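Chain by chain, the residues run as shown.
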Amino acid sequence: MSERADTSPVTKIVVVEDLTKDLRPGFGLRRKRVLDRISFSVERGEIFGFVGPNGAGKTTTLKVLMGLIRATSGRAQILGHDVRETAYRRHVGFLPENPYFHDFLTGREFLAFYAKLSGLRRSNRAARIEALLDLVGLREAADARLRTYSKGMLQRIGLAQSLVHDPEVVFLDEPMSGLDPLGRKEIRDLILRLRTEGKTVFMNSHILSDVEMLCDRVAIIAEGRIRYEGGVDAFLPHGESGTDVVATGLAPEAAAKLHDRLGERMRVQGERVELRVPHKQVGELLAELLAMGAEVTSVMPHRASLESIFLSTVQERRRWAR
Amino acid sequence: MGALIRIYTLAGNTLREVIRNRILYVLLCFAIVLIATGVVLSALSYVEQERILQDVGLGSIRLFGTVIAIFLGVGVLHKEVDRRTIYTILSKPISRSEFVLGKYLGLTATIWLQLLIMSAAFALISWLAHAPLGTGHAAALLLSGLEMSLMVAVATLFSAFTTPMLASFFTAGIWVVGHLTRDLRQLASHSDVSAVRELAVWIHRLLPDLESFNVSIQAVHGLPIEGSEVTLPIAYGIGYASLVLILAIVLFERRDFR
Amino acid sequence: MGEQAAVGTRWVQLVAALSFAALTVVSFSKLPMPIRGARGDLFIPRPEVARIASLGFEALVADYYWLQAVQIVGGAQNPTRYAPLIGGLIDVVTTLNPWVGHPYRFAAVWLIDSPESVRQANRLLERAIEHHPEDWRHYFYLGFNQFFYLEDNEAAAAVLERAIELRGAPLYLKRLVARLKVQADGLETGATFLRELIATTRSRKARAKYERALDEIETERRARWLDQAREDYRERFGRDIETIGDLVRGPDPVREALPPEPHGWEWILKGKKRRLVSSYYGHRYEPQFHRTERKRRKHWRAELLEREGSGR
Ligand SMILES: Nc1ncnc2c1ncn2[C@@H]1O[C@H](COP(=O)(O)OP(=O)(O)OP(=O)(O)O)[C@@H](O)[C@H]1O
Ligand SMILES: [Mg+2]
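Chains as they are written, first to last, in our numbering: chain A, 1216 to 1537; chain B, 235 to 492; chain C, 2 to 313.
Take the hints with a grain of salt, since some may be wrong.
Here are the computed distance ranges between Cβ atoms for each label pair [what the hints assert, rightly or not]:
no., chain 1, residue 1, chain 2, residue 2, range
1, A, HIS1421, B, ASP316, 18 to 28 angstroms
2, A, ARG1408, B, ILE472, 46 to 56 angstroms
3, B, ILE437, C, PRO85, 33 to 43 angstroms
Covered stretches of chain B (in silico footprint by chain A; criterion: 3 or more residues with CB under 8 angstroms from a CB of chain A, positions within the stretch not fixed) [said to hold, decoys possible]:
no., stretch
4, 237 to 243
5, 246 to 260
6, 324 to 337
No lab work stands behind these hints, which were simulated from the structure alone. Predicted, not measured: the structure shown is a model, and the values here were computed from it. Ideal placement from N, C-alpha and C gives every residue a C-beta, glycine not left out.
Chain A with its partners taken away, still in its complex shape (with noise of 0.2 angstroms):
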């Protein structure tokens, strides 16, 4: 804890310590700790995973790092400002969980209100309202009203929103939620690309495949409190690692041969085969049953260690509700 004390406002995205948030549920209800002295901080450049389960505080926590809410106690820092002031926001980008938008404008005229909320000079406006409409693919739906948007675009519309002013940090609050598979695989790419940009991204959600498959380093949150803060792959416990195949139409002495070498990490029911090896030995795997004439019906990064965790403390959490 003590080494997050020194930020450099280089490095340091953004620094939370000790942050409490009292809510009252309602009127004249006993007051709720959602924040209970959570702290992290978050590296520049770094795609950054906030993950917990339902009603954990992980929007809570964007909230208050957004001057949405006041926190009770403790410190918010972003690029080293203080949350509560407003000027350093021309460097952030916002797309909030389940977003609506003013539903009357056009995508265009959506994203040149931002833009003009930003800040953005006249003369790079245009410029950047069309590149955004590309990145996020809404050109032909520009001049439609949000309101004859899908949940789809919305989502879409909103980080090209949270993108106009090319901010240096972007807070998602689960910016894959309600999309289709596609969809999903549309904003990882974003996401990903941005990285390369050399942006830093704040991401929360409670899909663990995304957060693997993204992120670099991963924060949990549970019922308010910080249950981990780490890279990734530190948590991957080697050997358990893998990638699941599933295949059909193996020939029984291909299978034959495969067990042999594969040992138990190969299950056989009936016609179909379950499969797990290293990440890196997938391609080799996927090249050889193809040979061999079976049919791939599903490839899967194998997350166990992630879920267990995620188990763990929720877990925890029934222990503390006795």
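Start from chain A and add chains B and C with the ligands according to the hints.
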């Protein structure tokens, strides 16, 4: 400079929102129909028809303007918070005071735009009926616009901390009492109880004195309206509305959007 | 089957719509619409309360009550019957918006059923004068009420005198004032007033009229002298004179000589009432009533007496 641009942007967006809202056109049409009702009503009287025509016209404009002002004003902040559109706006480099000011100015611009349209209808009907039109009418319309702008500020204040339902209730209450405070003070001045007199005086001082914005009778009767009867209410209205807005900003700045 | 059901429903809807439309139209056309107020169902607020409660829409509310008053007069056989109602309404109208003009005169025309009504009309007219000091008509109505209904010539003269110099005031107003003054203060006051007018007026035509009026006053002075002689005669002999000559005839006449008629014409006893008048003018110098007005006043007095009698 940046702040001005942001406020202007927000105001423009608010104006656009209202202009793209269909309900408003219905209200506006209704108001114009009501202004035109003066023609029918004045026909019921066999004398002083132009006077009745203009009474009805100015009355409708003030009534509808106020209704629209309250109707729009109470939703101004609440809607943005309720629909969470405010989240992304405030995540940009914009302060909450700029936000409130932008929303307020946008709505006020809408109100004046509507007033302009209704005034044009009024002028047209007066002209067709050969009723006199003069600076008095302009002064009356100007001051009623100021009253409406003040009501938008009051509605914004209530909108900053309560639901639209309650906010409309409170704002309408302020409007009613604001038209009574002068009489209240007058009536209470005959009271034997000094506390009652004091109370009435303070109510008159603290709540907006909306009767000061009412010169429609003078306008219709072509009575002289002194410069101070226009300039002083304008100064008073601007001052009062600004104070109310500052209070709204202070309250709004303390809010958690959860 | 489903198709048929749908058609059936449409028929039901159509029939229902038509029958309810018929019901609405017929009942609407038969809705009872009595004159409001005739049954005492018109609520007239206290004027001050109405003013405060109208929240800045005084003019509009005033118009509403004004239209009510117009409807009552327009719909009633004998509007004076509703005088108290009209008075109440006009009081509200003119409290809410004292700058109206016509409603005041409307009240003056219809509030004539009783002295109370006339007095209320006069109060309203005074409000009118306060807000329209330049309009001679309100003085005229007020003076007329004072003189005609309340028979207070002095008050009438005082009010009318304020109006004579106003724009649009008719010339006869001045002579009317002179006559009223003669009735109220005596001939000398009237004559003085006229001499003043003659001295100040520029119009030759007007001056001629005033001079004629002054001449009438001189005639009236002599006629009154003769009236007095006639009265003395009646006292002494217990009967009225047969001719004017009776005043100087006989062993012990009531007067030595008769004043000549100023124009060289003669004095006569006119009509059934045998009023003493100059044959040059044919009438005495006093406010003149048109025949219909005289009838109205008679009628009004009879009704008044009856009402006061039944009141007791
Ligand atoms: N307005 C509010 N008033 C009172 N309590 C609230 C309010 N909003 C949220 N909470 C509580 O705060 C806690 C954290 O909520 P938060 O929305 O931050 O969770 P989250 O981690 O974002 O969950 P999810 O994954 O479902 O979005 C929850 O227990 C919730 O009940
Ligand atoms: Mg959330």
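We went through each hint and held it up to the structure:
1. A/HIS1421 to B/ASP316: 18 to 28 angstroms: This hint holds: roughly 25 angstroms between Cβ atoms.
2. A/ARG1408 to B/ILE472: 46 to 56 angstroms: 51 angstroms, holds
3. B/ILE437 to C/PRO85: 33 to 43 angstroms: 37 angstroms, holds
4. 237 to 243: holds (count 3)
5. 246 to 260: holds (count 5)
6. 324 to 337: holds (count 6)
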